[in-house]
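**Student:** Residue numbers (our numbering), protein chains in the order written: chain Y, 149 to 455; chain R, 149 to 455; chain A, 149 to 455; chain G, 149 to 455; chain X, 149 to 455.
Do not rely on the hints blindly, as some may be mistaken.
Unchecked claim - What follows is a list of derived Cβ distance ranges for each label pair: (1) D436/X <-> E199/G: 42 to 50 angstroms; (2) R416/X <-> T446/G: 45 to 53 angstroms; (3) P210/X <-> P168/Y: 26 to 34 angstroms.
To be verified - DSSO-like cross-link-like pairs, simulated, lysine-lysine; straight-line CA separation at most 30 angstroms: (4) K355/G <-> K368/X; (5) K158/R <-> K438/Y; (6) K355/R <-> K264/Y; (7) K355/A <-> K454/A; (8) K158/X <-> K171/X; (9) K158/X <-> K438/G; (10) K406/X <-> K368/Y; (11) K355/Y <-> K264/X; (12) K409/A <-> K374/G; (13) K438/R <-> K454/R; (14) K406/A <-> K368/G; (15) K368/Y <-> K355/X; (16) K355/G <-> K438/G; (17) K409/A <-> K355/A; (18) K374/X <-> K438/G; (19) K368/R <-> K264/R; (20) K454/X <-> K355/X; (21) K368/G <-> K264/A; (22) K368/Y <-> K438/X; (23) K406/A <-> K374/G; (24) K374/G <-> K438/A; (25) K368/G <-> K409/A; (26) K264/G <-> K264/A.
In short, the hints are calculated from the structure, not lab data. Cβ atoms here follow ideal geometry from the backbone N, Cα and C, with glycine treated the same way.
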Amino acid sequence: MPKVAQRVKKILSGYESDNPGTKGNLARILMHGRLGGSGKLLILPVDQGFEHGPARSFAPNPAGYDPHYHYQLAVDAGLSAFAAPLGMLEAGADSFAGAIPTILKCNSANSLSSNKDQAVTATVGDALRLGCAAIGFTIYPGSEDQYELIEEISELAEEAKSFGLAVVVWSYPRGGMLSREGETAMDVCAYAAHMACLIGAHVVKVKPPTEAIFLEAAQKVYDNQKIDIANLTSRISHVVQSCFNGRRIVVFSGGEAKDLKGIYNEVRAIRDGGGNGSIIGRNTFQRDRKDALSMLDTIIQIYQGKL
Amino acid sequence: MPKVAQRVKKILSGYESDNPGTKGNLARILMHGRLGGSGKLLILPVDQGFEHGPARSFAPNPAGYDPHYHYQLAVDAGLSAFAAPLGMLEAGADSFAGAIPTILKCNSANSLSSNKDQAVTATVGDALRLGCAAIGFTIYPGSEDQYELIEEISELAEEAKSFGLAVVVWSYPRGGMLSREGETAMDVCAYAAHMACLIGAHVVKVKPPTEAIFLEAAQKVYDNQKIDIANLTSRISHVVQSCFNGRRIVVFSGGEAKDLKGIYNEVRAIRDGGGNGSIIGRNTFQRDRKDALSMLDTIIQIYQGKL
Amino acid sequence: MPKVAQRVKKILSGYESDNPGTKGNLARILMHGRLGGSGKLLILPVDQGFEHGPARSFAPNPAGYDPHYHYQLAVDAGLSAFAAPLGMLEAGADSFAGAIPTILKCNSANSLSSNKDQAVTATVGDALRLGCAAIGFTIYPGSEDQYELIEEISELAEEAKSFGLAVVVWSYPRGGMLSREGETAMDVCAYAAHMACLIGAHVVKVKPPTEAIFLEAAQKVYDNQKIDIANLTSRISHVVQSCFNGRRIVVFSGGEAKDLKGIYNEVRAIRDGGGNGSIIGRNTFQRDRKDALSMLDTIIQIYQGKL
Amino acid sequence: MPKVAQRVKKILSGYESDNPGTKGNLARILMHGRLGGSGKLLILPVDQGFEHGPARSFAPNPAGYDPHYHYQLAVDAGLSAFAAPLGMLEAGADSFAGAIPTILKCNSANSLSSNKDQAVTATVGDALRLGCAAIGFTIYPGSEDQYELIEEISELAEEAKSFGLAVVVWSYPRGGMLSREGETAMDVCAYAAHMACLIGAHVVKVKPPTEAIFLEAAQKVYDNQKIDIANLTSRISHVVQSCFNGRRIVVFSGGEAKDLKGIYNEVRAIRDGGGNGSIIGRNTFQRDRKDALSMLDTIIQIYQGKL
Amino acid sequence: MPKVAQRVKKILSGYESDNPGTKGNLARILMHGRLGGSGKLLILPVDQGFEHGPARSFAPNPAGYDPHYHYQLAVDAGLSAFAAPLGMLEAGADSFAGAIPTILKCNSANSLSSNKDQAVTATVGDALRLGCAAIGFTIYPGSEDQYELIEEISELAEEAKSFGLAVVVWSYPRGGMLSREGETAMDVCAYAAHMACLIGAHVVKVKPPTEAIFLEAAQKVYDNQKIDIANLTSRISHVVQSCFNGRRIVVFSGGEAKDLKGIYNEVRAIRDGGGNGSIIGRNTFQRDRKDALSMLDTIIQIYQGKL
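Sequences are here, hints too, so could you generate the full structure?
**Tutor:** Next comes the structure, spelled out in structure tokens:
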């Protein structure tokens with residue numbers, strides 16, 4: 149077993165109440181891959197097939213229909229962890245046992261639904277039998293079903309912690325009073341990240357915030373207190389601050405497919421703002437393997453401060 | 149006990165996370181009957197009485213009012229398995245113990261209901277006491293109740309797997325935003341099959357897809373990526389691909405009663421597209437026994453590549 | 149203990165999956181009273197007070213306010229079993245212990261409600277502590293709450309069977325798309341009986357069907373297949389056929405109070421159509437004791453083939 | 149331990165299915181206080197604060213803000229039992245342990261709600277740890293939530309009985325199709341009492357019925373059968389009859405504050421009609437202690453047949 | 149361990165039914181800090197981030213983004229306890245173990261929701277593993293979801309008591325028929341406090357009441373009984389009276405940010421009216437640390453009767 153790096157020990161020290169099992173699993177992720185020990189993370193999530201269907205997810209790079217492709221890509225790219233719904237993990241759990249930490253995504257939505265909810269599709273028991281390091285769960289702050297989603301993850305999280313697993317929360321504001329713009333507004337994004345921390349998440353995943361402010365009551369505070377949200381770097385810092393001033397790990401999703409320059413700039417802002425890393429799905433698996441590996445290599449080098 | 153055939157071993161190797169109990173039950177089905185060892189399946193489902201009532205189901209061939217008739221037919225035709233709701237299995241479980249693998253259909257709908265839901269009518273405990281090899285469950289992707297259905301099968305599946313049973317999911321898009329045409333559209337069918345795999349099904353049952361595309365966002369991808377869905381064989385291949393690129397067994401329902409030629413052509417397309425088999429109810433039990441046996445014999449020969 | 153009659157053994161052989169406890173309790177009912185051993189049943193149900201209130205139920209014969217009256221009547225008339233809600237059984241369970249098999253009605257509705265649902269008011273545990281031979285449960289196929297009712301009885305039935313109790317299902321189509329006429333239509337009644345069997349009931353209770361056909365899709369089948377439903381006897385036969393071709397016991401309710409001739413004719417039709425018996429409440433306890441005993445005597449003689 | 153009086157033994161004999169624990173607790177109540185052994189009961193309920201708020205309940209006699217006041221009053225007046233919600237019993241459970249039987253009111257409503265439901269606020273476990281003799285529970289026959297209320301008390305009652313507690317049901321028709329007048333109509337009141345018995349209550353509490361008849365179908369029966377409901381005494385008798393012809397204890401609430409003469413006349417009618425007693429809250433604790441004791445003394449003497 | 153002061157013993161004597169564990173935890177809070185032993189309490193609650201978002205809560209004093217800041221402030225100011233949601237307590241539970249009693253806030257709402265409900269986000273098990281002295285829970289008397297909230301805390305409270313924890317209820321009238329003014333009206337506030345006591349709370353938290361009366365039926369009583377509610381002191385007394393005449397601890401929230409003079413006057417009224425203390429969040433952590441410590445020092449001195 150490798151010695152746990154100082155930067156990782158520093159991060160783990162923020163998780164005061166967790167048992168050695170959970171801390172060990174956080175360490176497994178933080179010490180794995182090319183970013184291991186740096187305090188930065190790069191995670192591959194593949195739940196797109198559930199959300200958008202197989203063709204929209206994998207037709208651009210048909211190798212992705214096979215779950216092994218993603219496992220192997222995450223291993224070969226030296227990523228920190230691989231996150232996916234139950235069936236996809238089941239399909240490679242043995243072949244890739246021990247090869248990369250896995251995160252079992254425990255709920256999912258689909259494009260055939262119009263309500264802002266998700267179905268619970270896996271349990272802590274599933275995560276344990278599959279040897280996962282963590283469970284993942286999406287909440288939709290703002291939606292009509294948000295309190296039920298929060299109660300579901302609260303129950304799962306308590307169980308996960310008792311069994312030594314880590315808890316990753318996708319906190320995606322959506323529905324209810326929220327406009328499309330509001331979903332990624334600065335105040336709403338920081339709020340979503342903060343709530344995930346209060347619920348007890350170890351790792352929070354949010355979208356990179358825009359400079360919009362959605363809630364009127366928040367606008368006043370952002371104005372009066374002159375909170376700096378002028379550029380993405382400062383906005384990332386504000387999200388990190390909202391995550392218990394850095395005591396919780398926060399990673400940012402890659403969002404819709406964009407060009408490489410756009411991706412790299414976003415990653416630099418995350419790095420410079422103090423974010424802990426990226427979790428990039430579509431932008432990875434919808435390129436062919438060679439291009440994906442090249443892109444991930446560049447992102448890793450950015451997080452390593454080399455680029 | 150017969151040695152498990154190479155083709156079956158290959159299929160079983162896709163189920164990396166399952167215990168020997170579940171793999172054994174999948175093998176029981178795959179090694180049974182005249183298609184045993186071929187990697188192909190032919191299953192008799194008799195849940196029509198619940199869905200449409202007894203007269204609409206059995207009056208054309210009144211022998212079918214008796215559960216033993218179906219058990220015996222499945223045995224005599226050399227089928228792979230017999231699937232039915234609780235009461236029907238209970239009525240023959242002892243007489244036909246060991247004669248054919250059974251699949252307990254654990255939920256059902258009826259024609260007196262207007263909402264797109266099903267009632268859970270049997271449990272994993274029932275399946276175990278009846279000696280079944282698998283549980284079966286219907287989900288309606290798209291319906292208002294789809295997330296509850298998905299959560300129900302997720303819970304049942306975890307329990308079934310822990311007891312060494314296999315899980316068969318009927319994935320039938322229905323309700324919500326879906327038009328009648330959309331229910332069997334290519335994109336929706338592949339999506340439904342993929343979701344069943346992600347939920348953790350061992351065997352997926354879908355309807356043969358048409359060449360329609362329902363979701364606008366999907367249309368673009370099918371056009372841009374030039375996905376071949378021109379004929380049923382290529383559409384079947386696309387469904388197989390959507391089932392983890394063939395790592396999961398997918399079988400196709402027979403649909404409404406049609407002429408023999410239509411049935412045989414469909415079976416050939418399933419075979420040539422790489423599908424794992426057929427699950428044919430009405431077209432079987434609504435013919436008289438002699439005709440049904442003859443039809444099943446032909447289908448088996450097609451799957452054997454003899455016709 | 150009396151030897152179990154051949155006719156009863158034949159009936160019990162249909163219950164292939166049940167444990168000796170459940171078969172024993174079915175035998176207790178089938179071997180009890182003046183019809184014991186004949187394969188026919190006559191059951192006294194007294195849940196009218198819950199459904200219509202005490203005065204509407206018992207004022208015509210005020211002795212019926214006392215639960216002991218019904219127990220004693222069922223004993224003195226030589227009936228097969230006595231069915232009632234929890235409180236009524238509790239009030240005589242000790243005085244009449246061993247005197248007659250009892251069926252605990254586990255759900256009930258009342259006339260102050262406008263929705264087509266019932267409240268669960270007793271459990272399998274209650275049935276066991278009261279020494280009952282079976283639980284009883286009403287479902288309303290067609291109602292907005294039908295799937296919940298079905299799920300409730302499915303759970304109760306599994307538990308009851310595991311403890312060696314028998315399960316009696318009152319299958320009364322009601323609500324939703326059903327017209328008043330549809331509730332007792334031939335197709336709907338046979339459908340209701342068939343569903344109760346598929347759910348796993350040992351004994352099904354339905355109302356005698358009329359010659360109406362409610363569902364359009366069913367009308368075509370009844371016409372095309374020339375199903376004989378011209379008279380009550382043939383309609384009863386069709387219901388018996390829909391109960392797994394006679395592998396399940398089906399009894400018929402007496403319906404609204406009518407004259408004796410009407411009752412006797414109905415019983416003859418049930419007998420001649422192959423039905424297993426009657427379950428007659430109001431027509432029994434709303435007459436004075438002497439008349440009720442006389443009526444029950446006649447019904448028993450009809451079932452014995454003497455009248 | 150006092151010998152159980154003959155009249156009490158007679159009453160207890162109606163509870164055929166109960167274990168010695170429950171019978172003992174019923175005996176505790178029936179043998180306690182000045183009416184002990186008479187078969188009559190006088191109970192002090194103090195749940196008014198939950199239903200109407202503290203000022204509306206206790207301002208007329210501010211001593212009543214203190215839970216000990218009510219305990220002491222019940223003891224000093226020689227009542228049969230004291231009934232209250234969880235917090236109020238907790239506040240005196242130790243000081244008055246053994247001094248008077250207590251009934252834990254397990255659900256409550258408040259005046260800030262507009263739906264006809266109650267919240268469950270205490271459990272059988274609470275009753276046991278507080279040394280209560282019984283649990284109390286309100287159902288609202290007729291309300292939209294009535295079936296849920298009935299299911300809640302059914303579950304609580306089964307559990308209470310298994311632990312040797314008695315079950316008291318407040319059966320208060322309300323909501324749904326019921327008019328204000330209908331809530332206390334003769335037919336509805338008798339129906340409510342009967343349902344509580346069928347659900348398995350040991351003691352039923354209803355309001356004294358008026359001579360109104362609410363349900364049309366009932367009107368015909370009351371007319372045709374010439375049921376005597378002309379005066380309160382005969383109406384009480386009809387309620388007693390509806391409680392399994394006297395096999396269940398039925399007590400009557402005092403209703404809104406009224407003058408002493410009105411109260412005494414009502415009590416005489418309850419006594420003469422065969423009712424088992426009174427449960428009087430507001431009329432007790434909203435008078436000052438001296439007046440309350442005097443009133444309770446008179447009521448007791450009426451039940452003793454002295455006045 | 150310090151000897152428990154006489155005033156605290158007096159308060160504890162009101163909790164007659166609690167086990168030594170719960171009494172010990174109440175004593176821990178009542179004996180802690182500068183008010184220890186005085187029977188008065190000053191609690192720091194930090195759940196604002198969940199209710200209003202991080203920037204609106206902490207931007208005025210950015211040190212507050214860090215959970216340790218609040219723990220340390222509560223310790224340094226000599227407060228009685230620190231209350232916060234799960235994640236915030238988890239982030240300091242080890243560093244501050246034993247330094248100050250903690251209260252785990254088990255449910256929370258957010259500003260993105262429009263319904264008057266809260267999500268349960270922590271459990272009794274969480275409180276135990278974090279070494280908390282009590283759980284905290286908000287109910288919204290009057291809201292459409294009030295009965296569910298009440299049932300949730302009832303269940304949590306029973307469990308908490310069985311494990312020796314204390315129970316603090318935030319009773320905040322809101323929603324349903326309540327106007328904005330009604331939420332803090334005298335009658336509604338006293339009602340809310342009384343209900344929390346009846347549910348079984350050990351400590352009740354309400355807002356200081358205004359002199360408005362909301363419910364018509366209450367207006368009459370307040371007029372007729374000439375209840376003194378002219379000034380805040382008398383209104384506090386009326387709330388104390390409504391809490392079982394002082395047998396339950398009641399503390400008052402600080403409400404919206406106001407000037408120091410306003411705060412101190414309110415605290416004097418609470419003290420003089422017999423209230424047990426204050427629970428002040430925003431007014432504490434939105435000032436800088438020096439000002440906050442100064443303010444808390446003054447409040448403590450007021451409660452000590454020195455100012």
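**Student:** Run every hint past the structure and note whether it holds.
**Tutor:** Going down the list of hints, with the structure as the test:
no. : hint                                  : result
1   : D436/X <-> E199/G: 42 to 50 angstroms : holds (48 angstroms)
2   : R416/X <-> T446/G: 45 to 53 angstroms : holds (49 angstroms)
3   : P210/X <-> P168/Y: 26 to 34 angstroms : holds (33 angstroms)
4   : K355/G <-> K368/X                     : holds (25 angstroms)
5   : K158/R <-> K438/Y                     : holds (29 angstroms)
6   : K355/R <-> K264/Y                     : holds (28 angstroms)
7   : K355/A <-> K454/A                     : holds (24 angstroms)
8   : K158/X <-> K171/X                     : holds (12 angstroms)
9   : K158/X <-> K438/G                     : holds (29 angstroms)
10  : K406/X <-> K368/Y                     : holds (17 angstroms)
11  : K355/Y <-> K264/X                     : holds (28 angstroms)
12  : K409/A <-> K374/G                     : holds (28 angstroms)
13  : K438/R <-> K454/R                     : holds (21 angstroms)
14  : K406/A <-> K368/G                     : holds (17 angstroms)
15  : K368/Y <-> K355/X                     : holds (25 angstroms)
16  : K355/G <-> K438/G                     : holds (26 angstroms)
17  : K409/A <-> K355/A                     : holds (18 angstroms)
18  : K374/X <-> K438/G                     : holds (22 angstroms)
19  : K368/R <-> K264/R                     : holds (29 angstroms)
20  : K454/X <-> K355/X                     : holds (24 angstroms)
21  : K368/G <-> K264/A                     : holds (24 angstroms)
22  : K368/Y <-> K438/X                     : holds (25 angstroms)
23  : K406/A <-> K374/G                     : holds (22 angstroms)
24  : K374/G <-> K438/A                     : holds (22 angstroms)
25  : K368/G <-> K409/A                     : holds (25 angstroms)
26  : K264/G <-> K264/A                     : holds (19 angstroms)
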